[in-house]
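Using our numbering, you'd call the opening residue of the sequence shown number 68 and step up by one each time.
Watch out, some of these pointers could steer you wrong.
No farther apart than 25 angstroms at their CA atoms in a straight line, the calculated lysine-lysine pairs in the DSS-like style are these [claimed, not checked]: (1) Lys-474 <-> Lys-537; (2) Lys-537 <-> Lys-527; (3) Lys-220 <-> Lys-125; (4) Lys-442 <-> Lys-474; (5) Lys-397 <-> Lys-336; (6) Lys-336 <-> Lys-474; (7) Lys-336 <-> Lys-442; (8) Lys-397 <-> Lys-529; (9) Lys-397 <-> Lys-474; (10) Lys-559 <-> Lys-527; (11) Lys-442 <-> Lys-397; (12) Lys-122 <-> Lys-139; (13) Lys-220 <-> Lys-139; (14) Lys-527 <-> Lys-442; (15) Lys-559 <-> Lys-530.
Derived by calculation from the structure, the hints in this document are not laboratory data.
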Amino acid sequence: MLSNDTMWLFQPKKFYLCGLILLSVFSFGQSGIRFINPIDSKFVDTAFVDTSGKKIIKVIVPGSPPKTGYLKSAAIIPNSVVMLNEVPAFSWTFGCMPTASAMIAGYYDRHGFENMYAGATNNGVCPLNNAVWGNANINGEIWDLCPLGATMKNLDGRTTNGHVDNYWINYESVEPDPYITNGWQQHENMDCTGDYMKSNQSAYGNPDGSTTYYLDPSGNPFEQNADGDAIWGFQQFCESRGYLVLQRYTQTISGYLGNSTGFAFANYKQEIDAGRPVIIHLAGHSMTGVGYDNDSQTIYFHNTWDYEVHSMAWAGEYTGMQMFSVSIFKLALSKVAQNIALAGGWNIISANVLPANLNLLDLFQTLISNNQLNKVMDESGNAIENFGAFGGWSNSIGNLEYTEGYKVHVSEACNLIFEGSPIQSPSNIILHTGWNIISYPNSSPQDAMNLFQPLIDQNKLKKVMDESGKTIENLAGFGGWQNNIGNMLPGKGYKVNVTSNCTLNIP
């Protein structure tokens, strides 16, 4: 967390920046990593040291649309490209950051996260571009409109002042916002990304068209909840829609200042493969990453200036602006509680939700406080146990893995509660030769025999056992494979013995 001693550094400064420039000159260090030069200090709005001793910088990004002659043509997309489907492409609407985040919100709106876009256009489903909302002449400037990024009176059915009315004068204006000079009450319903990200708001030191965010130049993710940080603001927007943000951070890419600990192309691939768009930060601009080509390490994105897909080399430049950081968001459909009933003695358990805090010692803290927990073990013998005077409770297991099962010994019947997001995707559980303890990460039962049948057909399964000793095993001359377990049950874990390394798929 940020201390009171450093919070003054988040207050608006007495001067404003009209741009952000990152030197595009680079070289290769001894490690072979491309060295990306640091942001020039005069374009860093604030630099400070947080309570943990890390240097943090505050970056301001205006990113106005370039003249038509500077726009690049759409990318040619080969068959090898992995691309997210139906990510809206919005043109610049009062800031590249609110525009980029509105595209991400629109993508989730079209993929099961209803009400990310709460308007009436397109039957309540976010359109694939913002042409339907047209543009408006605001104080002599023509700007495209998108209520998901920046609300406005008389736009998309709104009858009261919105983001544009209260916060916008002209591009790069540093004057106090209209609601201040006119003595208006700010709108209470913060229902667009620009509101939560503090874009264009003079009270946060953001000139019109600008947004600020924080990052750790050492290459570590910046995850703190700093007021005025646009990325924290987008998390708040998602939460206002009723969704859980499992993880959110901004991180410099590998090579910035020569570090090898930053966000790499492989990490970007993982996000896209998991169905999550990524905000790409350039020097003076931010865009929405939507795909990649593995062979050429090319990334594909919506540049916030038009409705096309564009491309650039990973860690390269686009329209003369160097890529140097990213922002990541991992969302869940909802927050639910899983109640696992434990019998006195040994149990084998598993989770079908992902808590925001995965540390197992913390997850079992209630049972520890109630003097009900004796021990937790994983399949490798790592444990959570109490060494008493020799150090108290220790955790050699680490974090919860939702594909793993755990042996839990309690002194009496009790309930263990995990609270988090439901696991949505199929689970591919890696099994190693011999005994494994696996999870059943679903929220409804399934026939155990059906799940293990592929391993039986491959002659890889030897035995499955639940916590009570019931089994799936081959009785050979006494009837072949028998299922005495019945259904795999939510909250339960199972011991599985296989003849060689293999994978169990639980749909």
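Against the structure, the hints:
no.: 1; hint: Lys-474 <-> Lys-537; result: holds, 16 angstroms
no.: 2; hint: Lys-537 <-> Lys-527; result: holds, 19 angstroms
no.: 3; hint: Lys-220 <-> Lys-125; result: violated, 31 angstroms
no.: 4; hint: Lys-442 <-> Lys-474; result: holds, 8 angstroms
no.: 5; hint: Lys-397 <-> Lys-336; result: holds, 14 angstroms
no.: 6; hint: Lys-336 <-> Lys-474; result: violated, 34 angstroms
no.: 7; hint: Lys-336 <-> Lys-442; result: violated, 38 angstroms
no.: 8; hint: Lys-397 <-> Lys-529; result: violated, 38 angstroms
no.: 9; hint: Lys-397 <-> Lys-474; result: violated, 29 angstroms
no.: 10; hint: Lys-559 <-> Lys-527; result: holds, 22 angstroms
no.: 11; hint: Lys-442 <-> Lys-397; result: violated, 32 angstroms
no.: 12; hint: Lys-122 <-> Lys-139; result: violated, 36 angstroms
no.: 13; hint: Lys-220 <-> Lys-139; result: violated, 33 angstroms
no.: 14; hint: Lys-527 <-> Lys-442; result: violated, 31 angstroms
no.: 15; hint: Lys-559 <-> Lys-530; result: holds, 17 angstroms
Going down the numbered hints, you'll see the structure goes against 3, 6, 7, 8, 9, 11, 12, 13, 14, while the others check out.
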